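Chemist: Given the coordinates of chain A, work out where chain B should sit on it, guided by the hints.
Going line by line, the protein sequences match chains A and B. Residue 27 in the working numbering sits at position 27 of the first sequence, with consecutive numbering throughout. Residue 81 in the working numbering sits at position 81 of the second sequence, with consecutive numbering throughout.
Calculated from the structure, these hints are not laboratory results. As the structure is a prediction and not an experimental result, all values here were calculated from the model. We put the beta carbon where it would ideally sit given N, CA and C, even for glycine. Treat the hints with care, since some could be wrong.
[Said to hold, decoys possible] Pulled from the structure, derived: some chain B residues nowhere near chain A, Cβ distances all over 12 Å:
# : residue
1 : Leu-28
2 : Leu-81
3 : Asp-225
4 : Glu-273
5 : Ser-300
6 : Glu-306
7 : Tyr-321
[To be verified] Computed cross-link-like contacts, EDC-like style, restricted to lysine to aspartate or glutamate with a CA-CA straight-line distance of at most 16 Å:
#  : chain 1 : residue 1 : chain 2 : residue 2
8  : B       : Lys-346   : A       : Asp-114
9  : B       : Lys-63    : B       : Glu-78
10 : A       : Lys-65    : B       : Glu-35
11 : A       : Lys-6     : A       : Glu-130
12 : B       : Lys-58    : B       : Glu-138
13 : A       : Lys-65    : B       : Asp-225
14 : A       : Lys-65    : B       : Asp-56
15 : B       : Lys-17    : A       : Glu-130
16 : B       : Lys-83    : B       : Asp-56
17 : B       : Lys-4     : B       : Asp-140
18 : B       : Lys-58    : B       : Glu-78
19 : B       : Lys-362   : B       : Asp-193
20 : B       : Lys-4     : B       : Glu-35
21 : B       : Lys-346   : B       : Glu-296
22 : B       : Lys-58    : B       : Asp-169
23 : B       : Lys-346   : A       : Glu-57
24 : B       : Lys-281   : B       : Glu-263
25 : B       : Lys-17    : A       : Glu-57
26 : B       : Lys-346   : A       : Glu-44
27 : A       : Lys-65    : B       : Asp-131
28 : B       : Lys-63    : B       : Glu-135
29 : B       : Lys-307   : B       : Glu-289
30 : B       : Lys-362   : B       : Asp-342
31 : B       : Lys-120   : B       : Glu-35
32 : A       : Lys-6     : A       : Glu-129
[Claimed, not checked] Rough simulated footprint, nothing fancy, chain A against chain B, three-plus residues with beta-carbon under 8 Å:
#  : segment
33 : 259-270
34 : 327-337
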Amino acid sequence: MSEIRKELKYLSSHEWARLEEDGTVTIGITAHAQDALGDVVYVETPEVGSTVSVGEEAGVVESVKAASDIYTLVSGTVVAVNEALQESPETVNSSPYDDGWFFRVQPDDLDELDEALSADDYRELIESEE
Amino acid sequence: MGNKTALYSTHQASNGKLVDFGGWDMPLHYGSQIEEHHKVRQVAGMFDVSHMTVVDVKGVDAKTYLQYLLANDVSKIETLLGKALYSGMLNPQGGVIDDLIVYNMGNWFRTVVNCGTREKDLAWMSKVAADFTVELVERDDLAMIAIQGPEAIARTKSVVGAERAAVIDSLAIFQGLASSEWFIARTGYTGEDGLEIMLPNSEAVAFWNALADAGVTPCGLGSRDTLRLEAGMNLYGHEMDDNTSPLVANMGWTIAWQPTGREFIGRPVVETEKTNGVKQKLVGLVLRERGVLRAEQIVSIAGSNEKGVITSGTFSPTLGYSIALARVPAVTPIGTGSCFVDMRGKQVLVEVVAPNFVRNGKQVF
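So here's chain A without its partners, still in its complex pose:
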């Protein structure tokens, strides 16, 4: 079983979100997702200053196996992207919840996070998939 962090929120499409102390929200993909994808070779993140919306594609992750769209858990303005992933996409494999984050959003409406899955819900989801 891949690591699932208690304090994070999740999507069924295998992204996670972390509410930061400054009120922004960090988005990445889960340990389960990187394991299923295999070696990550490219990451396409949204541009700083662009807006992202729940339910719409916000980026792409490409592995040796497949290309996969990335979705955000909150709508808002992108305030930071993880530039290091351009040079070292394999960080998504080695550190999906920390150094392998994708982008950070200033949310329009933080309540959107309540719609996302809890760690327990997400665990149940991937157990049912296995």
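Modeler: For chain B alone, coordinates are given in the frame of chain A:
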């Protein structure tokens, strides 16, 4: 649960990510497919390829049977014991039933066919054999381990004893020789020098572990695929299949047209195609920007209404960008400027090259 090779428990114990591969539970990788790929290009890696089907062809008609069954001509390998030959096995419509390797074993032959096509291959080979005095013996008692990379031969020699090391030293490229119950061949599917060794299932684990102790990295079928694609080698079901002519799959060189009197299955059809010219060809594609070319993406050529298709695509770990093999209109020019791939709705310009990207660790296009 699928079929298991003699090394199944070893793969599990080494944290292999086991996936279904043509009905077999095989390791995709043991952690990182890309790292395994680099090990093969730079040092040495080993693959469990025991899922492949070995069929020995014996009997007084063995040669004439194979000369009729295969598009290539086994008389080419008669002069050297153990010499190997790559060939397509065609159907009467001129499509490819399978691609295979055949070894000259003296007064008989050994063939190695794909695992995904095992049942139809055996059925076809048996059907054709009915008109010949031959015996087909499937060798599922044998495991097969491929050791590949610039250090593969040296490290293998260090663990097999003096007698087998001498056999290895004597091998020409594309030749295999028996050594008691083992069969040691200087062949492979990676574009690197190396060996493919068939040995009794009961000896496979000990040999695998000895190779690991000698610094040969266990590699899964994921890196095997990226390595063969960099080397521009075909994969059955991708570059060719029952409905694809060998002439559009870059396999024209494997058809022995001489002597003109040799009848082989599919000959009339492919000979007519050759005379009239085929409308498609297999090329390599290169994308130096971000993104990965994938099988089944559609290829467009400026000035042509005919579309092409990517047959295999991947990220090339050696080159650091994406490469692909594609079946495209025969008019497609080599070079850049006129070939586009539909990548997730975007038309992306790619370079067209000969279907060969990396050999012996080096870019070749």
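Chemist: A separate judgement is required for each hint: does it hold in the structure or not?
Modeler: Now for the hints, and whether the structure bears them out:
Not every beta carbon of chain A lies more than 12 Å from that of Leu-28 (chain B), the smallest distance being close to 7 Å; the non-interface claim is violated. Non-interface status of Leu-81 (chain B) relative to chain A is upheld: no Cβ of that chain comes within 12 Å, the nearest being about 40 Å off. Non-interface status of Asp-225 (chain B) relative to chain A is broken: a Cβ of that chain comes within 12 Å, the nearest being about 9 Å off. Residue placement check: Glu-273 (chain B) keeps its beta carbon more than 12 Å from all beta carbons of chain A (closest about 35 Å).
Distance to chain A confirms Ser-300 (chain B) as a non-interface residue, since its nearest Cβ pair spans about 19 Å, more than 12 Å. No Cβ of chain A comes within 12 Å of the Cβ of Glu-306 (chain B); the nearest lies about 26 Å off, and the non-interface call holds. Listed as outside the interface, Tyr-321 (chain B) is inconsistent with that label: its C-beta sits roughly 9 Å from the nearest C-beta of chain A, within the 12 Å cut-off. Under the criterion of a C-alpha separation no larger than 16 Å, the hint pairing Lys-346 (chain B) with Asp-114 (chain A) is inconsistent with the structure, at around 35 Å.
Taking the CA atoms of Lys-63 (chain B) and Glu-78 (chain B), the gap is about 9 Å. The hint holds against a cut of 16 Å. Between Lys-65 (chain A) and Glu-35 (chain B), the direct Cα distance comes to roughly 15 Å. Compliance with the 16 Å bound is thereby established for this hinted pair. Restraint check for Lys-6 (chain A) and Glu-130 (chain A): not satisfied, since their Cα atoms lie roughly 20 Å apart, outside the 16 Å limit. Of the pairs offered as hints, the one joining Lys-58 (chain B) and Glu-138 (chain B) holds, with about 11 Å between alpha carbons and a cut-off of 16 Å not exceeded.
Between Lys-65 (chain A) and Asp-225 (chain B) the alpha-carbon distance is near 11 Å, which keeps this suggested pair within the 16 Å criterion. Restraint check: the Cα-Cα separation between Lys-65 (chain A) and Asp-56 (chain B) comes to about 35 Å, which exceeds 16 Å; the hinted pair is violated. Between the alpha carbons of Lys-17 (chain B) and Glu-130 (chain A) the distance comes to roughly 14 Å, so the proposed pair stays at or under 16 Å and holds. Pair hint Lys-83 (chain B) plus Asp-56 (chain B) holds up; C-alpha atoms about 15 Å apart against a cutoff of 16 Å.
Under the criterion of a C-alpha separation no larger than 16 Å, the hint pairing Lys-4 (chain B) with Asp-140 (chain B) is consistent with the structure, at around 11 Å. For the given pair, Lys-58 (chain B) sits about 15 Å from Glu-78 (chain B) by alpha-carbon distance, which is consistent with the 16 Å threshold. With a C-alpha separation of about 13 Å, the suggested pairing of Lys-362 (chain B) with Asp-193 (chain B) holds against the 16 Å cut-off. For the given pair, Lys-4 (chain B) sits about 25 Å from Glu-35 (chain B) by alpha-carbon distance, which is inconsistent with the 16 Å threshold.
For the hint linking Lys-346 (chain B) to Glu-296 (chain B), the alpha-carbon distance of about 15 Å falls within 16 Å, and the restraint holds. For the hint pairing Lys-58 (chain B) with Asp-169 (chain B), the CA-to-CA distance comes to about 28 Å; that exceeds 16 Å, so the pair is violated. Restraint check for Lys-346 (chain B) and Glu-57 (chain A): the C-alpha separation of about 15 Å stays at or below 16 Å, so the hint holds. Proximity of Lys-281 (chain B) to Glu-263 (chain B) is assessed by CA-CA distance (about 25 Å); at most 16 Å being required, the pair is judged violated.
At most 16 Å may separate the alpha-carbon atoms for a hinted pair to count; Lys-17 (chain B) and Glu-57 (chain A) exceed this at roughly 29 Å. The suggested pairing of Lys-346 (chain B) with Glu-44 (chain A) holds, with an alpha-carbon distance near 15 Å, which does not exceed 16 Å. A threshold of 16 Å between alpha carbons decides the hint, and for Lys-65 (chain A) with Asp-131 (chain B) the separation of about 45 Å lies outside it, so the pair is violated. At most 16 Å may separate the alpha-carbon atoms for a hinted pair to count; Lys-63 (chain B) and Glu-135 (chain B) meet this at roughly 12 Å.
About 22 Å separates the Cα atoms of Lys-307 (chain B) and Glu-289 (chain B), which puts this hinted pair outside 16 Å; it is violated. Only pairs whose Cα atoms come within 16 Å are accepted, and Lys-362 (chain B) paired with Asp-342 (chain B) is rejected, the gap being roughly 29 Å. Restraint check: the Cα-Cα separation between Lys-120 (chain B) and Glu-35 (chain B) comes to about 35 Å, which exceeds 16 Å; the hinted pair is violated. Among the hinted pairs, Lys-6 (chain A) with Glu-129 (chain A) is inconsistent with the structure: their alpha-carbon atoms are about 20 Å apart, more than 16 Å.
With a cut-off of 8 Å between beta carbons, the segment 259-270 of chain B has 0 residues touching chain A; three or more are needed, and the interface restraint is violated. Counting residues of the segment 327-337 of chain B whose CB lies closer than 8 Å to any CB of chain A gives 0, which falls below the minimum of 3, so the coverage claim is violated.
Hints 1, 3, 7, 8, 11, 14, 20, 22, 24, 25, 27, 29, 30, 31, 32, 33, 34 from the earlier list are contradicted by this structure; the remaining hints agree with it.
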